[in-house]
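Asker: Build the full structure now, drawing on both the sequences and the hints.
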Amino acid sequence: MSLNVEHDAARRALPSEKPLRLLDNAGHAVTGAATGGFSLPGTETLLDLYRKMVVARRFDVQVTALTKQGRLATYPSAYGQEACEIGAVSAITADDWLFPTYRESVALLTRGIDPGDILKSFRGDWHSGYDQRAHRTSPQTTPLATQALHAVGLAHAARLRHDPIVALTFMGDGATSEGDAHEAFNFAAVWQTPTVFIVQNNQFAISVPLARQTHAATLADKAVGYGMPGFHVDGNDVAAMYAVTHAAVDRARSGGGPTLIEGLTYRVEAHTNSDDPTRYRHARDVEHWKRRDPIERLEKYLVSEGALTEATRSEITDAAEALAAHTREVITTEAELDPLELFDHVYANPRAALLEQRARLEAELAEAAAEPR
Amino acid sequence: MTATKTRSGGGAASAPTQLTMAGALNAALRDAMAEDDRVVVYGEDVGPLGGVFRVTDGLQHQFGDERIWDSPLAESGIVGTAIGMAIYGMRPVVEMQFDAFSYPAFEQIVSHVAKMRNRTKGRVSLPLVVRIPCAGDIGGVEHHSDSSESYWASTPGLTVVMPSNPADAYSMLREAIASDDPVIFMEPKSRYWAKAPLALPVTTAPMHRALVVREGSDVTLIGYGPTVRTALEAADAAVDEGLSIEVVDLRSLSPFDDETVSASVRKTSRAAVIHEAAQFGGFGAEVAARVTERNFFHLAAPVLRITGFDIPYPSPKLEEYHLPTADRVLAALASWEWDLS
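Line order of the protein sequences matches chains A and B.
Using numbering that gives the first Met the number 0, the first residue of the first sequence is number 0, and each one after it goes up by one.
Using numbering that gives the first Met the number 0, the first residue of the second sequence is number 0, and each one after it goes up by one.
No lab work stands behind these hints: they were computed from the structure.
There may be inaccurate statements among the hints.
With a straight-line cut-off of 30 Å between C-alpha atoms, the simulated DSS-like cross-links for lysine-lysine are [claimed, not checked]: (1) Lys-67/A x Lys-120/B; (2) Lys-67/A x Lys-289/A; (3) Lys-194/B x Lys-316/B; (4) Lys-120/B x Lys-119/A; (5) Lys-119/A x Lys-299/A; (6) Lys-289/A x Lys-299/A; (7) Lys-17/A x Lys-299/A; (8) Lys-119/A x Lys-67/A; (9) Lys-119/A x Lys-114/B.
Answerer: Structural data, given as structure tokens:
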């Protein structure tokens, strides 16, 4: 669907309270109003998304296990949210920019960033471990919704330069309560920047449920007040996430302005390894959402279409296992950290005070190294 | 006074004319925008109005609204979007309308502007300038006269400067815009209308250097922004009392020019720092500590702080009682035991 044609209507209409969906939970193609006029992506695209999700799931499970073994300081899992993240991030190109939060490690993996580089921050080596410019991906941001403004500013700069660049940013349901979310939505709409906002509504901000964040029927409703289109999408339907984001990206790239997409999903794992979800939610709710698994859904569809052969499945499993092995290897190999590097990147223009402090630490290290053990 | 020379490569300097600090800042923005199309300016009321202090007067008319524009009224949004623009290679110069209106942007400045370069190991520098009209003495109603400098100066990753005169205002703003580091550029509101004869373009000392703006032998008065004038007034008045005061204009709060300050203090052996901000936890505490740590055995007396009181900034009709004056400076100096024999 071309969002440009529908623009005036789309930006005034409240999104459907029933999530937009292209594949139902049984893996059947959806028809009629529920599709919002979007078409199911082709089999090749769906197979590619399936492959990315299976690999990402294996990665996520592996990292959670490594965290429990004490190899990482923390890890916010995206188990069950693969469709939301991978569907959205697959709709932008390598020239576009991504502004992720700490929850989007599997989106970064899909973007081609090495697990070792993604996990440097969670292992505690440095605050961001990948090459942000090479991957056109900003650091995974912790202060909620702040990165959405960076996405708006970058998109605006690209627009002023007449570069066909789109900035896509993620935020969670809790983050929509932050002032910066409002400011980002508003600036993007007023400036008509090529920005796509993905709100990953996984229904919990650590322990606090969605009902305590908003009184709106859907988080996508918020778009209407800013004068941009909003879509309430089944975030466990990777086909729908991909199709809607793709349309929003096309629209942004052609000068049509920003779009807000809410992916309704569920955080199956704890917030991080230090969280205890049994204190605030029922196991039966988690089981209910596990039965809506995004990977199983697509798999059912692909099998029914005869698009997923045993050979392909086994090839994907092998790729996932190879990535898990690579992840284990890079995480269990201790990095050489240089404490003196703490001083090297703070300022572009060197400072006398920092050079003095660096020399002091260097002397301490030399002294410690010279001491008999 | 400040030694000045014509900026090299900037074309022929104009004949000296009387220029206010607001006018000098306006010229700096104009010249930076003309020289580099990556420089964009935005904030509240900076477009057709030319800013509430007219610092951006006429710029939108000259450069158009894709180079300078009015943003929505939200300071976190202004600074947050400037970060994204800087990542893309622009050099945004954004205005916080008044000191106290910069507080909504505190998180973006402290958590991102200050930390991005370090977090990304130098891959992502943020060459942006946040202009903050600062301090009081303009009869402003509540929230229009704060002194926020110590918040920024105590944040690693930020460069914090404050000019005290039109020549520095021009030169330092040009340098701030050209810097690859983010700069909090504080503009003392009470000095916006101070005039000086100026031939533009002008290059004064590098912005990280403090300057001795008046030589003396008995006391070093350390000021910045609005209190440089206070220090100079005190120095004038002290002549009658037989006291020779040296005045140092810090110009940069972060980084801090220990070399210039210590050289002056070692010469005079006495130091006092003057600022409008409250004393407790204020920037004067850092100055006093640094001066003492480096020059203790050269000091004849404890370092004094002559500052605003530890109270919220007063209403306009009471601000004169709060602000440090030349008389208050001289009274403080008199509290030292002097042995002028």
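Asker: Hints first: check each against the structure and report whether it holds.
Answerer: Evaluation of the provided hints:
1. Lys-67/A x Lys-120/B: The given pair, whose Cα atoms are some 29 Å apart, holds under the 30 Å limit.
2. Lys-67/A x Lys-289/A: holds (21 Å)
3. Lys-194/B x Lys-316/B: Holds. Lys-194/B to Lys-316/B sits at ~25 Å (cutoff 30 Å).
4. Lys-120/B x Lys-119/A: holds (13 Å)
5. Lys-119/A x Lys-299/A: violated (36 Å)
6. Lys-289/A x Lys-299/A: holds (15 Å)
7. Lys-17/A x Lys-299/A: holds (22 Å)
8. Lys-119/A x Lys-67/A: Cα-Cα ~16 Å, so holds.
9. Lys-119/A x Lys-114/B: holds (17 Å)
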